[in-house]
Amino acid sequence: MERAKQTQAEGQLVQDMQAVAEHRDQAALTRLFDHYVPKIRAFCLAAQPGANLMADDIAQEVMIRIWRKAHCYNPELAALNTWVFTLVRNVRIDYFRKNGRHQTNIDSDYVFQEIVDESADPFQRAQTKRDQEQIKHGMSKLPEDQKQVLHKVYLEGKTHKEAALELSLPLGTIKSRVRLALHKLTIHIKR
Amino acid sequence: MMLNYHPTIEMLTDYAAGSLPLTFSLAVSTHLEQCPECQQQVRKLELLGAHIFTNMALNKQSTESLKQTFFDKLNAIDSQRPQADNLLARETLTQHSNNPPEALLDEYQVPSSLGQFIKRNYDELDWVRLSPAVKIATLCEENGVQVALTRIKAGAHIPTHTHAGEEITLVLEGVFSDEKGVYCRGDFVTRNAKHKHKPRVTKDAECICLTVLDAPIEFTGWLTRFLNPIMRRHHPSTQ
Numbered sequence: 001m002e003r004a005k006q007t008q009a010e011g012q013l014v015q016d017m018q019a020v021a022e023h024r025d026q027a028a029l030t031r032l033f034d035h036y037v038p039k040i041r042a043f044c045l046a047a048q049p050g051a052n053l054m055a056d057d058i059a060q061e062v063m064i065r066i067w068r069k070a071h072c073y074n075p076e077l078a079a080l081n082t083w084v085f086t087l088v089r090n091v092r093i094d095y096f097r098k099n100g101r102h103q104t105n106i107d108s109d110y111v112f113q114e115i116v117d118e119s120a121d122p123f124q125r126a127q128t129k130r131d132q133e134q135i136k137h138g139m140s141k142l143p144e145d146q147k148q149v150l151h152k153v154y155l156e157g158k159t160h161k162e163a164a165l166e167l168s169l170p171l172g173t174i175k176s177r178v179r180l181a182l183h184k185l186t187i188h189i190k191r
Numbered sequence: 001m002m003l004n005y006h007p008t009i010e011m012l013t014d015y016a017a018g019s020l021p022l023t024f025s026l027a028v029s030t031h032l033e034q035c036p037e038c039q040q041q042v043r044k045l046e047l048l049g050a051h052i053f054t055n056m057a058l059n060k061q062s063t064e065s066l067k068q069t070f071f072d073k074l075n076a077i078d079s080q081r082p083q084a085d086n087l088l089a090r091e092t093l094t095q096h097s098n099n100p101p102e103a104l105l106d107e108y109q110v111p112s113s114l115g116q117f118i119k120r121n122y123d124e125l126d127w128v129r130l131s132p133a134v135k136i137a138t139l140c141e142e143n144g145v146q147v148a149l150t151r152i153k154a155g156a157h158i159p160t161h162t163h164a165g166e167e168i169t170l171v172l173e174g175v176f177s178d179e180k181g182v183y184c185r186g187d188f189v190t191r192n193a194k195h196k197h198k199p200r201v202t203k204d205a206e207c208i209c210l211t212v213l214d215a216p217i218e219f220t221g222w223l224t225r226f227l228n229p230i231m232r233r234h235h236p237s238t239q
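Sequences listed follow chains A and B, in order. Going by UniProt numbering, 32 is the number at position 32 of the first sequence; the sequence numbering is gapless. Going by UniProt numbering, 177 is the number at position 177 of the second sequence; the sequence numbering is gapless.
Hints in this document: simulated from the structure, not taken from any laboratory. It cannot be assumed that every hint is accurate.
Taking lysine to aspartate or glutamate pairs in the EDC-like style, the calculated list, with each CA pair at most 20 angstroms apart, reads [stated by the list, open to error]:
| hint | chain 1 | residue 1 | chain 2 | residue 2 |
| --- | --- | --- | --- | --- |
| 1 | A | K161 | B | E166 |
| 2 | B | K73 | A | D34 |
| 3 | A | K161 | B | E10 |
Every value quoted in this text rests on a predicted model; they were computed, and no experiment measured them.
Chain A with its partners taken away, still in its complex shape (with noise of 0.2 angstroms):
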């Protein structure tokens, strides 16, 4: 039942991705490839304008990666998107690793590991369900200031004291617009 209430298009790109993965269907993987790459090289130009190259890079080793990795991709876990969003995460991580941003030797693979145990929960994938209503709902409604740092954070890969910078802002002001947007979207619960 969770599958028919996808949108027919996510329907679509998650039985590609199947058919990548038990038939190595290469006319699947360009489907996904229409899909996905024009999203992950705005993600990436978003971040540094005009760095197209680095744009082609990181969208051709996601590519490669859901054409290894497809099997691992079980849709009653997580949508389609945020799986290939992790993907895109992680590969910016290593092209910058590779390319002198980190000097460091480890690995995101560890860094980044699915956890396990959440498989064992049958509502988890509805609880996902509801949580990703709840923030496309909220982030429609968020005042732009708040959504500004979100996307600093998320898109252009920099920290808090990052954005904080680069804003010209308190690094308390900054804290603050990301806590308030977390708890309208819901993300955030008070300890």
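Fit chain B to the supplied structure of chain A, relying on the hints for placement.
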């Protein structure tokens, strides 16, 4: 088990967005393995990332030539290295990191996030003795930030010290306490230049911690100051 000390929401957000330095991310990831609460938080923060990613304004630039390049590359790679081997190799890697086959019951369970640096157990590391009760082993360094393990004997204390920068301590085994609280397995403790503290380990067991330090710690006691050159020598920011 509910943990009492967690990374801040800012740090979790930077982690989920991929903007937190990998050194700090490694500590967050090790905490997540033991904290379902923060796992949920990160899961939601990733949903937010996915939402922003999915709703990017696209430019009109054609990706046709990139597609051609990509498929040429893909076919070249796949003909060099058969796909089956490839998948198999990955699977073996994952399995290995998730359940080390030779882990014995009486041994500590090394978090899988540290699997890149510790294959079997803590004893295999190059431990440097700082005092009869304290040993450290460096795992990695990045941009002057050091990731290390500290191993402290039961009942011992680390002399009073301050931090020039930010320090994260994540308890892997055992229990320690300072003026502010008691910290157990999985607890994520952040200290900065404002704090001066003197951690003590409980008497029943030794304590192993993962530490992320962006500057060497400074001992403040008159007798322990002689340790400062040693701490500096082992810290990447001074090399």
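Against the structure, the hints come out as follows:
no.: 1; hint: A/K161 - B/E166; verdict: holds (13 angstroms)
no.: 2; hint: B/K73 - A/D34; verdict: holds (17 angstroms)
no.: 3; hint: A/K161 - B/E10; verdict: holds (10 angstroms)
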